[in-house]
Every structure is written in structure tokens, then in C-alpha cells.
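Next come the chains, spelled out residue by residue.
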Amino acid sequence: EAGVAQSPRYKIIEKRQSVAFWCNPISGHATLYWYQQILGQGPKLLIQFQNNGVVDDSQLPKDRFSAERLKGVDSTLKIQPAKLEDSAVYLCASSVTLMSSYEQYFGPGTRLTVT
Amino acid sequence: AQRVTQPEKLLSVFKGAPVELKCNYSYSGSPELFWYVQYSRQRLQLLLRHISRESIKGFTADLNKGETSFHLKKPFAQEEDSAMYYCALSAGGNQFYFGTGTSLTVIP
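Taken in sequence, the protein lines are chains Y and S. Quick note: the first sequence uses the numbering used here, first residue 1, plus one each step. Quick note: the second sequence uses the numbering used here, first residue 1, plus one each step.
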């Protein structure tokens with residue numbers, strides 16, 4: 001089966017600019033996750049969707065980050081405006097359901113550099 | 001609060017030697033623990049979960065609630081085991097926490 005797709009793979013922007021990342025989960029997977037992985041750290045969960053609804057966004061910095069999954073399939077994560085500390089790899093993952101969150105399938109990630 | 005601690009950033013062992021990657025967690029409820037692995041140029045993927053009590057690729061991990069640990073072990077390391085290993089905790093509800101990872105190198 002096709003895996004989780006993410007684009008772009010790399011992005012370089014200046015601070016205060018905006019950026020958006022796209023994720024296409026595995027077909028039929030109801031649950032979608034966005035993670036931020038700063039260099040030298042483990043992935044940090046930012047937001048989870050179940051179909052098109054937000055399950056948890058307690059760790060999402062809502063003053064500058066937003067995410068949506070309008071039709072319950074693809075999702076976008078936006079940062080506006082970006083700060084230097086947002087430099088990280090942004091990972092998207094999906095699982096069949098929320099109950100199977102232990103088995104998340106990860107995308108290749110988008111490496112963001114903010115200068 | 002740090003939920004998952006992996007004390008070793010780097011670990012090197014010789015091929016055929018035993019390997020143990022340490023993981024300690026902090027959670028007052030009933031934890032679910034996992035090991036994820038990322039091989040070079042590949043995606044992060046699930047290796048094993050404590051509930052299944054399986055041995056995957058020769059690796060096992062036992063949940064020790066008394067010591068709040070979930071160490072990953074393999075009796076004889078292979079070169080293909082070289083990878084980044086992350087311990088992860090599902091802390092009830094919808095929270096999922098990863099450790100900082102241990103980079104394992106198996107020396108031929």
C-alpha cells in the first residue's frame with residue numbers, strides 16, 4: 001500500500017514569513033497526527049485529527065500554528081509567522097483508528113529551516 | 001515534565017554482542033509503551049509494543065512497573081540493527097510521548 005505522503009520535503013524561509021505543509025495519509029486511515037521533531041529530540045505531538053475533527057491540540061502553539069483536515073483526508077499545517085525556533089522536521093503520521101494509535105505510519109517529513 | 005527518558009544518545013556494540021537500550025518513563029496511570037525504529041534513510045516505524053509481548057527481529061522489551069522501565073534487548077546484535085531507536089509512551093487519552101532516541105551502531 002502507498003505510504004503517508006508529505007510535501008514539500010525541504011523548505012527554507014526567513015523569520016516572520018509563513019509556510020504550509022501538506023500531508024496525505026494512508027487511504028482509509030481515520031486518524032492523522034502532526035509532530036515536530038527538533039534536532040536531537042524525539043518527535044513531539046502537535047495535533048491529532050479523527051476524520052475531520054480535532055482530537056487533541058494541547059501542544060500546538062496556537063498563536064502561530066494552525067492545522068486543518070477539512071474533508072477528513074489530506075491535512076495542512078501552517079506556521080504564521082515563523083520563528084527561528086520553528087526550525088525542525090515536521091512529521092505526519094496516520095493510523096487506522098484512534099484505538100490503533102500505537103501503530104502509526106509515518107511520512108518522510110518536511111525539514112524546515114528558518115533563517 | 002519529561003515523560004520518557006532514554007539516557008544514552010549513542011550506543012556502540014560489536015556484532016554478536018548483547019545489546020540493551022534503556023528507557024524509563026514517568027506516568028502515574030497504566031502506561032502503554034512502544035519502541036519505534038528509524039533505519040538510515042527510512043521512515044520511523046513501530047518495532048514492538050509491550051502489550052503484544054512479541055519478539056521482533058530478535059528484540060524483546062519487558063515492562064517493569066516497579067522500576068518504570070521498558071528496556072529493549074537483543075542477545076546477539078547484527079549490523080542491520082544499526083539505527084535510531086525511540087521509546088514511546090501512550091499516556092491514556094490521546095497523548096503520545098517519544099523519548100529523545102538512542103543511536104545504535106553495531107560494529108562489524
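Take the hints with a grain of salt, since some may be wrong.
For lysine to any residue, the following SDA-like pairs were computed, each having C-alpha atoms within a straight-line distance of at most 20 Å [claimed, not checked]:
1) Y/Lys-11 - S/Arg-43
2) S/Lys-9 - Y/Gln-37
3) S/Lys-57 - Y/Gln-41
4) Y/Lys-83 - Y/Tyr-10
5) Y/Lys-44 - S/Lys-57
6) Y/Lys-44 - S/Glu-32
7) S/Lys-22 - Y/Lys-11
8) Y/Lys-62 - S/Lys-57
If you want a taste of the chain S side facing chain Y, the calculated C-beta under 8 Å gives, among others [as the list claims (entries may be wrong)]:
9) Asn-24
10) Tyr-27
11) Ser-28
12) Pro-31
13) Arg-43
14) Leu-44
Computed spacing ranges between beta-carbons, pair by pair [claimed, not checked]:
15) S/Ile-51 - Y/Gly-28: 32 to 42 Å
16) S/Asp-62 - Y/Lys-15: 38 to 48 Å
17) S/Ser-103 - Y/Gly-28: 13 to 23 Å
18) Y/Val-54 - S/Ala-17: 21 to 31 Å
19) S/Gly-58 - Y/Gln-41: 23 to 33 Å
20) Y/Ile-12 - S/Met-84: 35 to 45 Å
21) S/Met-84 - Y/Glu-103: 16 to 26 Å
22) Y/Gly-40 - S/Ser-26: 44 to 54 Å
Don't read these hints as lab results, they were simulated from the structure. Just so you know, even glycine gets a beta-carbon here, dropped at the ideal spot from N, CA and C.
So, going through the hints one by one against the coordinates:
Of the pairs offered as hints, the one joining Y/Lys-11 and S/Arg-43 holds, with about 19 Å between alpha carbons and a cut-off of 20 Å not exceeded. Taken as a hint, the S/Lys-9 and Y/Gln-37 pair is honoured in the structure, with Cα atoms around 15 Å apart against an allowance of 20 Å. Distance hint between S/Lys-57 and Y/Gln-41 is unfulfilled; the C-alpha atoms sit about 25 Å from each other, more than 20 Å. A C-alpha spacing of about 17 Å is found between Y/Lys-83 and Y/Tyr-10, which places the hinted pair at or below 20 Å, so the restraint holds.
As the CA atoms of Y/Lys-44 and S/Lys-57 are separated by approximately 27 Å, the hinted pair breaks the 20 Å bound. For a cut-off of 20 Å, the pair hint linking Y/Lys-44 to S/Glu-32 stands: about 17 Å separates their Cα positions. For the given pair, S/Lys-22 sits about 34 Å from Y/Lys-11 by alpha-carbon distance, which is inconsistent with the 20 Å threshold. Straight-line distance between C-alpha atoms of Y/Lys-62 and S/Lys-57 comes to about 41 Å, which puts the hinted pair past the 20 Å bound.
For S/Asn-24, the interface hint is violated, since its Cβ never comes within 8 Å of a Cβ in chain Y; the closest pair sits about 14 Å apart. The interface hint given for S/Tyr-27 is violated, since its Cβ lies 15 Å from the closest Cβ of chain Y, which is over the 8 Å cut-off. A hinted interface residue such as S/Ser-28 counts as satisfied when its beta carbon comes closer than 8 Å to some beta carbon of chain Y; here the least separation is about 18 Å, so the hint is violated. Using the Cβ-Cβ criterion of 8 Å, the hint placing S/Pro-31 at the interface with chain Y is not satisfied: the shortest such distance is roughly 12 Å.
The interface hint given for S/Arg-43 holds, since its Cβ lies 5 Å from the closest Cβ of chain Y, which is under the 8 Å cut-off. Taking 8 Å as the C-beta cut-off, the interface hint given for S/Leu-44 holds, the closest approach to chain Y being about 4 Å. Between S/Ile-51 and Y/Gly-28 the C-beta distance comes to about 23 Å, which lies outside the given range of 32 to 42 Å. Hint check: S/Asp-62 to Y/Lys-15, Cβ distance near 46 Å, so the stated range 38 to 48 Å holds.
Roughly 34 Å separates the CB atoms of S/Ser-103 and Y/Gly-28, a value that falls outside the hinted 13 to 23 Å. Taking 21 to 31 Å as the suggested C-beta distance range, the pair Y/Val-54 and S/Ala-17 does not conform, at roughly 46 Å. Between S/Gly-58 and Y/Gln-41 the CB atoms are about 28 Å apart, so this pair conforms to the stated range of 23 to 33 Å. A hinted range of 35 to 45 Å is violated for the C-beta pair Y/Ile-12 and S/Met-84, which are about 24 Å apart.
Checked against the hint of 16 to 26 Å, the C-beta distance between S/Met-84 and Y/Glu-103 comes to roughly 18 Å, which is consistent with it. Checked against the hint of 44 to 54 Å, the pair Y/Gly-40 and S/Ser-26 fails, with Cβ atoms roughly 20 Å apart.
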